[in-house]
Amino acid sequence: MGTNESDSRCHGSVRILSKDSNAVALRGWAVGRGLPFHGWRMTGRRIVSVWLPEFPMERWQRGQVRMGNPPPEDLPQALTTEGTHGPVIHAINRAARLAGVEIGARLADMRALCPTLKADFADPEGDRAALHRLALWARRWCPWTVADDEIGHGLVLDTTGSDHLHGGEAAMLAGMEAALSILGHSARPALAPTWGAAWALARFGPVRAICADTAPLPVTALRLDAEAVLLLHRLGLRRIGQLAELPRLSLARRFARAAAAQNPLIRLDQLTGHLPEPVSPLQAPPVFRADARLAEPILDPSHHLPELCRALCGQLAQAHRGLRRLRLVIYRTDGEVSRIEAACALPSRDPAHLAFLLRDRLDRIDPGFGFDLISLEAPVTEALATTQADLAGGKDTGLALAQLVDRLAVRFGRKALSELQAVASHVPERAECKAQPLARGAASRPGAGLAPRAERPQRLLDHPEEVQVLYAVPEGPPAQFQWRRRHYRVARYQGPERIAPEWWKDRPGTRLRDYFKVEDEAGHRFWLYREGLHDDGRGGTPRWFLHGIFA
Amino acid sequence: MPDSGPKSLRKSLTGAFPPNPRAGYVELGVTTPFSFLRGASDAAELAATAHALGYDALGVADLNTMAGVVRLHAEARRANLRPVIGCRLRLVTGEEFLAYPRDRDAYGRLCTLLTKGKRQDLDEGWQAKGLCDITLDDLACHAEGVQLIVVPDAALPRRLAELVRCLPGLRHIAVSYLYQGDDRARINRLDRLARAHGLSILATNDVHYHAPDRRPLQDVMTCIREGTTIHRAGFLLAANAERHLKSPAEMARLFADWPHALQATRTVADACNFSLQELAYHYPQETVPPGETAQSQLEKLTWAGAARRYPAGLSQKVRELLVKELHIIGLKKIPQYFLTIHEIVLWARAQGILCQGRGSAANSAVCFVLGITSVDPTEQELLFERFISIDRDEPPDIDVDFEHERREEVIQHIYEKYGRHRAGLCATVIHYRPRSAIREVGKAMGLSEDVTSALAKTVWGSWGTSMGEANSREAGIDLTDPLMARTIRLAEQMIGMPRHLSQHVGGFILTEESLHQTVPIGNAAMPDRSFIEWDKDDIDELGILKIDVLALGMLTCIRKCFGLLKNHYGVDLDLATIPPDDEPTYDMLCRGDSVGVFQVESRAQMNMLPRLKPRRFYDLVVEVAIVRPGPIQGDMVHPYLRRRDGREPEDYPSPAPPHDPDELRHILGRTYGVPIFQEQAMKIAMVAAEFSSQEANALRKAMATFRSRGTIGTLEELMVGRMIARGYDPDFARRCFDQIKGFGDYGFPESHAVSFALLVYVSSWMKCHYPAAFACALLNSQPMGFYAPAQIVRDVREHGVEVRPVDVNFSEWDSTLEPAGGGFALRLGLRQVDGLGREAAERLLRVREDPFTSLSDLALHARLNGRAIRLLAAADAFGSLGLTRRAALWEARALRDAPDLPLFRPGQDEGEETPVALPAMPLCEQVVADYQTLRLSLKAHPMAFLRASLTRQRFVRAADLAALPNNRRLSLAGLVLVRQRPGSAKGVCFITLEDETGVANLVVWPKVMASFRKVIMTARLMQVTGRLQRDPASGVTHVVADSLVDRSDVLLRLSDRGFTPPLSRADEVRHSIPAPTQGHPRNARIIPGSRDFH
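Respectively, the protein sequence lines represent chains H and E.
Numbered according to the working numbering, the first sequence terminates at residue 577, and the numbering increases by one at each position without gaps.
Numbered according to the working numbering, the second sequence terminates at residue 1149, and the numbering increases by one at each position without gaps.
Just so you know, these hints were derived from the structure itself, not from any lab.
We put the beta carbon where it would ideally sit given N, CA and C, even for glycine.
Partial list, derived from the structure: chain H residues whose beta carbon lies under 10 Å from chain E:
id: 1; residue: A134
id: 2; residue: P273
id: 3; residue: V449
When you get a sec, could you build the whole thing from the sequences and use the hints?
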């Protein structure tokens, strides 16, 4: 905690302001700053507004850096949203601003102006979510923080009484700016007794303003929409001070019914504190955690596991959530901490299953001289409603698979597992791929749920094997073939099924394939194909391959 | 073809196609590109391939449409094949049929069925555009005489019994051998199924493209249709490329086991006794009274009209002309066409709607005496038979322009008179253009928006309308990348493929019988509009007549001006009675003083006027046609000017001796030996290069398609070669061809130029003699023309007319004329107030008996809502009440926006209002607010506030330019009015600046453009340093820019709110130039794009 010796003059005025009764001192403060006194009112609060002027662009840049392709600073870059007539510029970087690109213009127009302008899609939803996360992050300064994204992006913090923890108000604002810049955001904080005044100062006031005079600020600083601002300008009212000098009655008559964004009176009252505008923060997401505190250190936690799992699942059930990640933390008596983590393919709150996931790995813990606190946490959860699989009360088979996956993953590691998935491709070897089991988005994979029209063999050779075939030139079916030094005489055949190369993927010159299903005299069924046609101009005589075996 | 915006991209077959012997198989399952985004080969490719493969007939069956049949019909006949016309029907329940009508009646039923599906949804509501809902019941009701072939799906075995019961015409099941692995088994299964129901199988190859190598394009089309990319499309795509046109021999090999399937195709095709040529066209009979034939009625009307037009009696010349024309009309059997147009024009005139005809047939004496046109043919040497030739079987062409504000009335009259079942708008086929093709193909190929737009700009930029000339390196695109190369190749194939149908700007077809028995009719996206499925080329192909009912803003203006002249000056005139050959009018035009005048008001035209110095009507015809890319690209402008001034001898290149040495003199005599008009260029091809009318037609069509295609090259060789062979100068031959090339895009025919020239003359005459009335009419006809109201007002004030501001006590909705001194002053109308609704204004005008005395008085009586009053206050319209803008706004804000109930009558609940002293509004802010609310200011010009500082910095004013010596270096500043970069000017950019004294024209060479690109594109106030350049002949001055500075920041000083002065409507940066790719054809400009030229 810093001393007050070095505190600025402004800090002194805080004390006066925060004492409700000292109206004389307040009058002195207000008049001294050219503000009409009649409008000012005590709020007793100290509100910080932080303006993040470049929030969407900086967040996008950070994302690009994380993905390993940091965007060059000197190339003009824009983020766009879909407008009625094509993409509209949502955010730009410095280079783009210098090149004359404007926010709100159409991308096509701006491209004409600046041909090198790069564009990516903006993510306003993601920005909003990130801003709310940032608001939670800002709790380090005070407990009341909210995201302010009504106009632009910003944060609002009610730091009343908490500034001394950060070395006073001036130091706190500097600290905020520094901390946000470490995150990659340029920020302009300002402090005032009301939200409205802090908002105005952050955007239009001096750098890191603390209770600076709002009278000379333009009326735009009142959080009014463009139409209201235009009207005030036409009326010759350009500064907040000019507006504040007008008789209240005249303003009230003219703006009584207007919504807040169009109503200078409401905004003025919010600025001066006549209208309260409290900072009501969002709740941080709940923490799910069950602890077992032991009277005596023990060496084997397994007896406590079922109870912990039950407790944790009880908490989850109450919140209608299921966990995707599970963490067991064991606090040893000698101060060491060990952790075991497990993950679920689908959100789960089944105590038996969770216990099972942990049980096999408990022996990896070095108990040392024993431990006295076991804590089970659910760091990642997802919404999970209570469901009934079927009316007969049977088991949900999908769940069983998910639990199997979890158990195998615990034992062999996630990388050891894969699941075959159908891919919509006519080319047989491309018709399936290995994927993470139960990976999200499998349902939206191209061609999921579709199948080729013709039958495919149970066994597909990884590499088709060339065979010698006797057939009627040019397009006849195979009559006899030799595979792995054995002769087969074809008794029956079906086909051909012609599969052309995927022109967008295959090298030019790839030949088409004519697949035949054949059955030899012994009843073995094979899948053969002839690669190419005699006159396709893509090589010599067609070659034959055996690609699969039917059961 | 100046009447519709985008050019048709139709490809057409030429060459000899000897007839094939009768083949054993006819392909019936043919999908053309008119099954939108399904078929990947156009009619010409299909027909040519079918002919080469040995077919003698070819079917066409597009999905729920007849839109493509005319093209296939035409191309098949050109390739000596018999077209078999049908369609593919898909019911709402999923069954699919190929439907082939046996005769004309069955065809009519099929069209009726499609019309029903396209006009009404299943609940009989208004069908959305592009959908077609047909149920089995609908089909059963309209299936008489239609041969149906069911296309099998998985449900067929279950459904077949019911289908057979409902549809007696169902005789076949379509089977295809498409190498799907189980083809034999499947065909055998279907064969058994068919037999069990007494049907037969019918072979088809389900043709989607003419050759296997079109599969990629078809795949890409599928992706575009399904909104996916090639990598995600999966089983939406076909496994192989077998759905191409296969030869009858190949089909016989594939169906060797089922000969009856092949035989069935022949049976079905032979049973189709229907050809599109049977769609004998019958004119509506309403126009012919009982007891008359169409010809006799036309003759009667003609002579009656002639007596009216020439009250002094007919001259021998006119009489002969009329007799000759009537004779040709009789021979061509088109009197009803003239009668129908006459009826519409007569009706419009009775309603007071101004109209004028133009087009090849319109410049006839018959049209003049019938009142369709107002250009006296005896004074112009336009020969009728040059346009309607007896040997060429082409329909005559008359477009009728109506006032743009009232054209809808004419359209509704046509619907009312002939019925919606007999009158229909034509379609316009929207084709893929380079930009749309690369964009959509790129998207389907999985390229990002960034890359496709860069591609669209670089590779295709030269064909598009982009301002960018950045090459691909600059955009960072590697054209050697295989994916890029493939995308470009596919996009190239995609260009010209139809994308969807849209309604034509105004082309009507009228029939005697029900229209939906001739062609299906579908709904447009616009409410209450429906259009037929064929476009104007299709209609031409079938010889059906079309009447173009078009909209022209200048006619609105002229009609309003006629009204003003009558009411205020007591002068009663119409188009035909305007005093001809008026000296002061031509003097005015020679000065280039033509703001607001029809056609010749653009900067290029204004620069041309002092050089061309029009002194008679025909000069105006040339003036209208000469500032076009055609003459410019052919380098015909300067020779014309030189010869006209007598600085160069008229010279007619002539062929070598055996040919008539004067053959070109006949064609080019009127234009001093320089080809200016489209007709002249085509005529040169026909006379000097001995093109047959077919070849000339091919030439015209080749011009309309894309220049990249090879046909042009061969035609160029043909034409130039033949001209040289006949002894012409090679250089001249090449120039002739270059000009035709230009005409391909922006050709301007003399037949249209004459009608336009009349409007030029009429509007010039008005401007010259009644500038106040003309400006007033112009303002009341907005939006139209080249200039924004600010420039019109400025021009009229320069002509000494007093312009008075908008005022609630004096202004009408329209701008009006008020007596002032000896003449009239122009009072701006309430329509000038941005955002004020007409209804609110009308309410105000209704109660304005005595002048309003206060704001609340006005609000109370006119019951205007608060918003309207605030708009009026912001527009400073309360001057006569003694309220300044600011005071009015402050007062207006206090008015209640409440219903007029006793309780809410204005009372001061809150107590007495204390007067508030608002700061006075400085003049510069007044001007800015004027621009923001009225888009013009009468108080001052924004530049006037900067003049003191500018003068200190030695900037000159626009008005000073005339006095400065040539080549003088100077600096100048002004608001940007127009920025243009005409395609014909080789990258030169033209900018017009305006200051308080006048306008200055800048020329920016490409090199300067490259370095000051950003300034040019964004600056609203520009400061330029350059050199004065004056054309000695015409006195036209330009400033050739060396450097440009964006000083838009200065505007901010006038008012700290953003202030954007209005640009001219022709500015190419804000409003993209009206080039073919831009916008919906419905909104296309009717007047052929005038591309500016210096």
